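**Q** Chains H and E, in that order, are what the protein sequence lines are. The number in our numbering is simply the position in the first sequence, starting from 1, with 8 added. The number in our numbering is simply the position in the second sequence, starting from 1, with 73 added.
Don't read these hints as lab results, they were simulated from the structure. Every value quoted in this text rests on a predicted model; they were computed, and no experiment measured them. All residues carry an ideal CB built from backbone N, CA and C; glycine is no exception. One thing to keep in mind: the hints can contain errors.
[Said to hold, decoys possible] Straight line, CA to CA, 27 Å or less: simulated DSS-like cross-link-like pairs of lysine-lysine: (1) 131(E) - 65(H); (2) 131(E) - 216(E); (3) 135(E) - 65(H); (4) 135(E) - 173(H); (5) 173(H) - 258(E).
[Stated by the list, open to error] According to the in silico footprint, chain E covers these stretches of chain H (three or more CB under 8 Å from chain E): (6) 56-65; (7) 74-82.
[Said to hold, decoys possible] Some but not every residue of chain H turned toward chain E, in silico, with C-beta under 10 Å: (8) 44; (9) 48; (10) 158.
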Amino acid sequence: MKHDPSNLEEELRQLQAAPLDEALLARLEASADGTWTELTHEEVRFENFLRETSPAKLPADFLASLESVTAGVHFSVDEKVILFPNGNAAPKERRHRPIWAAAAAVALIGAASALLVPTADTPKTDSQASNRTTPPAIAAEAGNFVPTSFNRGLSEVHDEGVVWKSNNQPHRVVRVVYTEHVTLRDASGRTVEVEQPRVKYMLVPDKTD
Amino acid sequence: MDEVTPMTSLPAVSESPPAASAWREWLEEHGPKLLLFARQQTRSHEDAKDIFQDALVKLVEKVRTGEFVGGQEAWQPYLYTAIRRLAIDLSRSVDRRKRREDNVVADAADIGYEAHHPWFESESSDDETREQLEVRLKELPEKFSEVIIMKIWGERTFAEIGETLGISQNTAASRYRYGLEALKKSLSNARRRGDLSI
Numbered sequence: 009m010k011h012d013p014s015n016l017e018e019e020l021r022q023l024q025a026a027p028l029d030e031a032l033l034a035r036l037e038a039s040a041d042g043t044w045t046e047l048t049h050e051e052v053r054f055e056n057f058l059r060e061t062s063p064a065k066l067p068a069d070f071l072a073s074l075e076s077v078t079a080g081v082h083f084s085v086d087e088k089v090i091l092f093p094n095g096n097a098a099p100k101e102r103r104h105r106p107i108w109a110a111a112a113a114v115a116l117i118g119a120a121s122a123l124l125v126p127t128a129d130t131p132k133t134d135s136q137a138s139n140r141t142t143p144p145a146i147a148a149e150a151g152n153f154v155p156t157s158f159n160r161g162l163s164e165v166h167d168e169g170v171v172w173k174s175n176n177q178p179h180r181v182v183r184v185v186y187t188e189h190v191t192l193r194d195a196s197g198r199t200v201e202v203e204q205p206r207v208k209y210m211l212v213p214d215k216t217d
Numbered sequence: 074m075d076e077v078t079p080m081t082s083l084p085a086v087s088e089s090p091p092a093a094s095a096w097r098e099w100l101e102e103h104g105p106k107l108l109l110f111a112r113q114q115t116r117s118h119e120d121a122k123d124i125f126q127d128a129l130v131k132l133v134e135k136v137r138t139g140e141f142v143g144g145q146e147a148w149q150p151y152l153y154t155a156i157r158r159l160a161i162d163l164s165r166s167v168d169r170r171k172r173r174e175d176n177v178v179a180d181a182a183d184i185g186y187e188a189h190h191p192w193f194e195s196e197s198s199d200d201e202t203r204e205q206l207e208v209r210l211k212e213l214p215e216k217f218s219e220v221i222i223m224k225i226w227g228e229r230t231f232a233e234i235g236e237t238l239g240i241s242q243n244t245a246a247s248r249y250r251y252g253l254e255a256l257k258k259s260l261s262n263a264r265r266r267g268d269l270s271i
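Looking at chain H on its own, in the form it has when it is part of the complex (with noise of 0.2 Å):
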């Protein structure tokens, strides 16, 4: 028997799509306004309780493995920068003291270490040391300019607000400008000074209560 397909369309037209059920639309509106990724209390305290429990260690032999692999590959540290320890470790009346003072600290620190460089050492990027096919000593004798003296001189911090990072740890980023100072000579005694002014933002861990 051929059905009618004008019968079979009005009959299917007759059927209604079925209703999204409460749970369903509860996530789609929690999606759609940004909530659906923050957790109950319920499910923080759940959480807290699996995360007692720790992933294994790696097998000594398997770190000695791994770390066979990293072998003569620098590890990048940015050599500018004062890291700070992790924040469990730290006092707690240091919650309270203004964050410039941490990063004015930070800057006077690294101020300081500039001026305990060797003066006989150039600074040098990653892609010049590659490039670099003689000691700046023997530079210095051709006659091209050594730097003496470096020196920074701080000169703004900015508080610019909290920023969360991907592990759910609050970080105040802090604006710190400041001027680089190069004193630069070449054989014959002749000096050239080189002043740069520098911006750098800053990641300093931060605590919510």
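We have chain H already, so just place chain E on it with the hints.
**A** Just chain E now, kept in the frame of chain H:
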């Protein structure tokens, strides 16, 4: 903004520590959670170690050649993604091999071997909780357990998990919620049966 530098590690006023020890420190800190994720993604402890190592080799090679985009904070997301991709590749090749060999005996041997390599630290909680947690996580659908492991022990955000898995952060949050609920129910059942005394 010319530089954004997360400050979570060692002071750098003095000379950088030797590269090997810095890597070791990093591996000791982050390796357990990455290996846990690899364990969840694979069928055996040995496979997990292999793909973790392969993922690390890829990362190190990129760092060495300067191809790696981003700083240290980007290493973990890269490794999670690499581990997952390598696990999928491995799973496909193992499936093919298994279809050919159907080696049941080897699987049974693997199960016995796995007992000596628990997913969780024995000092961190009592043995029954640790064992039950591992068992229940293994019972969960993979799409739930992988999100739970990345979120709780990998400390990844939903956005990062979404990126690793190729899903939206809302989908990651949904899987996490359903997985958490299922895990809670499963642990409660174990407690009622007396397998767990929490």
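**Q** Hint by hint, note whether the structure agrees.
**A** Structure-based check of each hint:
{"no.": "1", "hint": "131(E) - 65(H)", "result": "holds (22 Å)"}
{"no.": "2", "hint": "131(E) - 216(E)", "result": "holds (25 Å)"}
{"no.": "3", "hint": "135(E) - 65(H)", "result": "holds (26 Å)"}
{"no.": "4", "hint": "135(E) - 173(H)", "result": "holds (24 Å)"}
{"no.": "5", "hint": "173(H) - 258(E)", "result": "violated (31 Å)"}
{"no.": "6", "hint": "56-65", "result": "holds (count 8)"}
{"no.": "7", "hint": "74-82", "result": "holds (count 8)"}
{"no.": "8", "hint": "44", "result": "holds (5 Å)"}
{"no.": "9", "hint": "48", "result": "holds (9 Å)"}
{"no.": "10", "hint": "158", "result": "violated (14 Å)"}
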